[in-house]
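Trainee: So the chains spell out like this:
Number of protein chains: 2
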Amino acid sequence: MNSTRDIEALIEMMARLPGLGPRSARRAVLHLIRKRELLLTPLADQMQRVAATARECVNCGNLGTTELCDICTAEKRANGQICVVEDVADLWAMERGGVFKGRYHVLGGTLSALDQIGPEQLRIPRLVARLTEEGVNEVILAVGATVDGQTTAHYIADQLEGRVRLTSLAQGVPIGGELDYLDDGTISAALNARKEI
Amino acid sequence: MNSTRDIEALIEMMARLPGLGPRSARRAVLHLIRKRELLLTPLADQMQRVAATARECVNCGNLGTTELCDICTAEKRANGQICVVEDVADLWAMERGGVFKGRYHVLGGTLSALDQIGPEQLRIPRLVARLTEEGVNEVILAVGATVDGQTTAHYIADQLEGRVRLTSLAQGVPIGGELDYLDDGTISAALNARKEI
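Residue numbers (my numbering), protein chains in the order written: chain A, 1 to 197; chain B, 198 to 394.
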């Protein structure tokens, strides 16, 4: 009966993705249908492949297609540093920075009594176990500067205290940032952490 | 070797969609992987289905999964009116408006000497043939108010002149539009087409 039902269903599914709405989903679907061989079929195939193979690294929680992720299997990344992040997106952001050469530990969220997310859900026992297993000497807490993020950071710091060097990312003015556009908290933090030139 | 290669490839493909960039593609892919059963697999299946079945209506150029689209097969839409639009997206926009009860003719672009798009590529001969085949008495030229759109409209008007009533969409202030935000051309057009209250 309705010959556009399949196309409409696809638009509705695309519109549910973060960052897309009904209008951009319609544009994206039309674009995909126009470039069917070049875009739509390969994209569908790739989604099937990722749906079938993507999994979390059993050691650090990073996303990959193997039991242990590339970073956990890379010998040269066992430099005694573990960077604790909330999310795989944060791990990717750190990797794009290209400065950190150690390993990661992906919490997969923050502690939250309301959502019943406790230390086990965030792989914190696994993090504690890694300290001895991997000979870790520094844990960098790179969690968000939110209330939940800082609560989680304090809990982890309590668990690890005295066993390892604990650090956090510096707070201050972003590179290329204009003072006029910064919030008051960032300006205060940058002033408090000012450095000799 | 690189266990995130498949995921990265998927992000790159998503980032090529209109309206998405690298950052939003990463967010979308992480979201899809987290809701694998609920979103990723169904979306991939639906894309396969659309890639296999989507086609243009042989009569009007609308998208669907059948030789003739729903609108061309609906008897009650044969009211003697054809609305000529550039694109399927424009047809969808007209349908959302819900006022037009006739049929459509989707050009699939505008005349362009540079891109070698002539009347045949835009289904204009098919439009001319439909006038007698479907007993059309009015053609509404609902093409964009761009130079290319208006050139195309003039060409079509030349072809159909004297055979059918030719109209175009009214130009003026959009519903809910504030004068302060309108361009000068729209304000002039609205003033010239002013109506008695």
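Any given hint could be a false lead.
[As the list claims (entries may be wrong)] Here are some, though not all, of the chain B residues that point toward chain A, as calculated from beta-carbon distances under 8 Å:
| hint | residue |
| --- | --- |
| 1 | Ala225 |
| 2 | Arg233 |
| 3 | Leu240 |
| 4 | Val285 |
| 5 | Asp287 |
| 6 | Ala326 |
| 7 | Thr329 |
[To be verified] Just so you have them, the derived chain A footprint on chain B, three or more residues with Cβ under 8 Å:
| hint | stretch |
| --- | --- |
| 8 | 207-218 |
| 9 | 246-256 |
| 10 | 260-269 |
[Said to hold, decoys possible] Taking CB as the label site, the calculated pair distances span:
| hint | chain 1 | residue 1 | chain 2 | residue 2 | range |
| --- | --- | --- | --- | --- | --- |
| 11 | B | Gln368 | A | Pro22 | 23 to 29 Å |
| 12 | B | Leu376 | A | Tyr181 | 27 to 33 Å |
| 13 | B | Gly295 | A | Ser168 | 51 to 57 Å |
| 14 | B | Asp381 | A | Ala15 | 46 to 52 Å |
| 15 | A | Tyr181 | B | Gly295 | 40 to 46 Å |
| 16 | A | Gly19 | B | Lys273 | 58 to 64 Å |
| 17 | A | Arg36 | B | Leu311 | 36 to 42 Å |
| 18 | A | Gly177 | B | Glu375 | 32 to 38 Å |
| 19 | B | Asp381 | A | Arg36 | 48 to 54 Å |
Please keep in mind that the hints were generated in silico from the structure rather than gathered at the bench. A virtual CB, placed ideally from N, CA and C, is assigned to each residue, including glycine.
Trainee: Hint by hint, note whether the structure agrees.
Mentor: Hints, one by one, checked against the model:
At a threshold of 8 Å, the smallest CB-CB gap from Ala225/B to chain A is about 4 Å, leaving the interface hint in force. Because the closest C-beta pair between Arg233/B and chain A is about 5 Å apart, less than 8 Å, the hint holds. Given the 8 Å rule on beta carbons, the hint for Leu240/B holds: about 5 Å separates it from the nearest Cβ of chain A. For the restraint placing Val285/B at the interface with chain A, the shortest Cβ-Cβ distance is roughly 6 Å, inside the 8 Å limit, so the hint holds.
For Asp287/B, the interface hint is violated, the least distance from its beta-carbon to any beta-carbon of chain A being 11 Å, above 8 Å. For Ala326/B, the interface hint is violated, the least distance from its beta-carbon to any beta-carbon of chain A being 22 Å, above 8 Å. Hint on Thr329/B is violated. Least Cβ distance to chain A is approximately 26 Å, over the 8 Å limit. Only residues whose beta carbon comes within less than 8 Å of a beta carbon in chain A count, and the stretch 207-218 of chain B has 8; three or more means the coverage holds.
Counting residues of the stretch 246-256 of chain B whose CB lies closer than 8 Å to any CB of chain A gives 5, so the stated coverage by that chain holds, three being the minimum. Look at the stretch 260-269 of chain B against chain A: 6 of its residues bring a Cβ nearer than 8 Å to a Cβ of that chain, three or more, so the hint holds. A hinted range of 23 to 29 Å for the beta carbons of Gln368/B and Pro22/A is consistent with their spacing of about 26 Å. Here the CB-CB span from Leu376/B to Tyr181/A is close to 31 Å, well matched to the stated 27 to 33 Å.
In this structure the hint that Gly295/B and Ser168/A lie 51 to 57 Å apart at CB holds, the actual value being about 56 Å. Here the CB-CB span from Asp381/B to Ala15/A is close to 35 Å, at odds with the stated 46 to 52 Å. For Tyr181/A and Gly295/B, the Cβ-Cβ distance of about 43 Å falls inside the hinted range of 40 to 46 Å, so the restraint holds. For the pair Gly19/A and Lys273/B, the supplied restraint of 58 to 64 Å is violated, since their beta-carbon distance comes to about 39 Å.
Against the hinted window of 36 to 42 Å, the Cβ-Cβ separation of Arg36/A and Leu311/B comes to about 25 Å, which falls outside the hint. For the pair Gly177/A and Glu375/B, the supplied restraint of 32 to 38 Å holds, since their beta-carbon distance comes to about 34 Å. Distance hint for Asp381/B and Arg36/A: a CB-CB separation of about 41 Å, inconsistent with the stated range 48 to 54 Å.
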